[in-house]
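For the record, the sequence lines run as chains Y and L. If you're matching positions, the first sequence starts at 1 in this note's numbering and goes up one per residue. If you're matching positions, the second sequence starts at 1 in this note's numbering and goes up one per residue.
What the hints contain is simulated information worked out from the structure, not anything from laboratory work. It is possible that some hints are incorrect.
[As the list claims (entries may be wrong)] A short list of chain Y residues far from chain L (calculated; beta carbon distances all over 12 Å):
{"#": "1", "residue": "Q17"}
{"#": "2", "residue": "N26"}
{"#": "3", "residue": "Q37"}
{"#": "4", "residue": "R44"}
{"#": "5", "residue": "N53"}
{"#": "6", "residue": "F55"}
{"#": "7", "residue": "K71"}
{"#": "8", "residue": "S94"}
[What the hints assert, rightly or not] Which chain Y residues face chain L? A few, computed with CB under 7 Å, are given here:
{"#": "9", "residue": "F12"}
{"#": "10", "residue": "G42"}
{"#": "11", "residue": "L43"}
{"#": "12", "residue": "T86"}
{"#": "13", "residue": "L90"}
{"#": "14", "residue": "F103"}
{"#": "15", "residue": "G104"}
{"#": "16", "residue": "G106"}
[Said to hold, decoys possible] One-sided and incomplete, this derived list gives chain L residues near chain Y with beta-carbon spacing under 7 Å:
{"#": "17", "residue": "L13"}
{"#": "18", "residue": "F72"}
{"#": "19", "residue": "T104"}
Keep in mind it's a predicted model, so treat the numbers as computed, not measured. Note that beta-carbon positions come from the ideal geometry of N, C-alpha and C, so glycine has one too.
Each chain is listed here by its residues.
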Amino acid sequence: DGGITQSPKYLFRKEGQNVTLSCEQNLNHDAMYWYRQDPGQGLRLIYYSQIVNDFQKGDIAEGYSVSREKKESFPLTVTSAQKNPTAFYLCASSVDRYYGYTFGSGTRLTVV
Amino acid sequence: EDQVTQSPEALRLQEGESSSLNCSYTVSGLRGLFWYRQDPGKGPEFLFTLYSAGEEKEKERLKATLTKKESFLHITAPKPEDSATYLCAVVYPTGTASKLTFGTGTRLQVTL
């Protein structure tokens, strides 16, 4: 079955460490996205990519980095520069830029 | 200012007690409004897309409607399995581009 796989489901990070969240899709979608979800706030866009080897900053890109070397993969690195990284991170993909999003099951990152 | 506002924040219904969730928006030139369902610890699942005022979509016990200022998600005779957070999102033009903004969601609990 086609879908989006995020791993790991839970991730713990010590302050000062970089961590990378994995996102893989087999839907043959061109566009992929990373969102952050915090209690009481709507999903906020971190980065998006509409094509391989190209990506754009979203509304809250500071302290994050991404790569898009393959159509199927869009990993997100949370760097030590991100001051408040504890959150639920969601990856999504779609055929078109805004329509028909398919979301992964999320990664909950906790800084300890 | 908030572009998308969902109300109520939380709603508790008894099984069979019909109700509606609201998503109001202040954007101009709406290009699409989406409803998603999100279960705890999981990614959102797509429900409906609405494009123009007067449009309606139905799926099982759910019916989404759209006016020029808001959308309603009507839940008829809900069951406990309908318990989830319901998110709406809007796509609207910003200059030469478009933007997708999510609301903060309505947490629905349906009890026996």
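Hint-by-hint comparison with the structure:
Every C-beta of chain L lies more than 12 Å from that of Y:Q17, the closest at about 24 Å, which supports listing it as non-interface. Its beta-carbon lying about 16 Å from the closest one in chain L, Y:N26 satisfies the requirement of being farther than 12 Å from that chain. Distance to chain L contradicts Y:Q37 as a non-interface residue, since its nearest Cβ pair spans about 9 Å, not more than 12 Å. Residue placement check: Y:R44 does not keep its beta carbon more than 12 Å from all beta carbons of chain L (closest about 8 Å).
Consistency note on Y:N53: stated as away from chain L, and its beta-carbon is indeed over 12 Å from all of that chain's, at 21 Å minimum. Non-interface status of Y:F55 relative to chain L is upheld: no Cβ of that chain comes within 12 Å, the nearest being about 15 Å off. The claim that Y:K71 is not at the interface with chain L holds, since no C-beta of that chain comes within 12 Å of its own (minimum 20 Å). Not every CB of chain L is more than 12 Å from the CB of Y:S94 (nearest about 10 Å), against its label as outside the interface.
Contact between Y:F12 and chain L, as hinted, is not supported at the beta carbon level, the nearest pair being about 16 Å apart and thus beyond 7 Å. For Y:G42, the shortest C-beta to C-beta distance to chain L is roughly 4 Å, which falls under 7 Å, so the interface hint holds. A least Cβ separation of about 4 Å between Y:L43 and chain L falls short of the 7 Å threshold, and the interface hint therefore holds. Interface restraint check: Y:T86 against chain L, minimum CB-CB distance 15 Å, threshold 7 Å, status violated.
A hinted interface residue such as Y:L90 counts as satisfied when its beta carbon comes closer than 7 Å to some beta carbon of chain L; here the least separation is about 5 Å, so the hint holds. Hint on Y:F103 holds. Least Cβ distance to chain L is approximately 3 Å, under the 7 Å limit. Using the Cβ-Cβ criterion of 7 Å, the hint placing Y:G104 at the interface with chain L is satisfied: the shortest such distance is roughly 5 Å. Of the supplied interface hints, the one on Y:G106 holds, with its beta-carbon coming within about 5 Å of a beta-carbon of chain L, less than 7 Å.
Hint on L:L13 is violated. Least Cβ distance to chain Y is approximately 22 Å, over the 7 Å limit. A least Cβ separation of about 19 Å between L:F72 and chain Y goes past the 7 Å threshold, and the interface hint is therefore violated. Annotation: interface hint on L:T104 holds; nearest CB of chain Y at approximately 5 Å, less than 7 Å.
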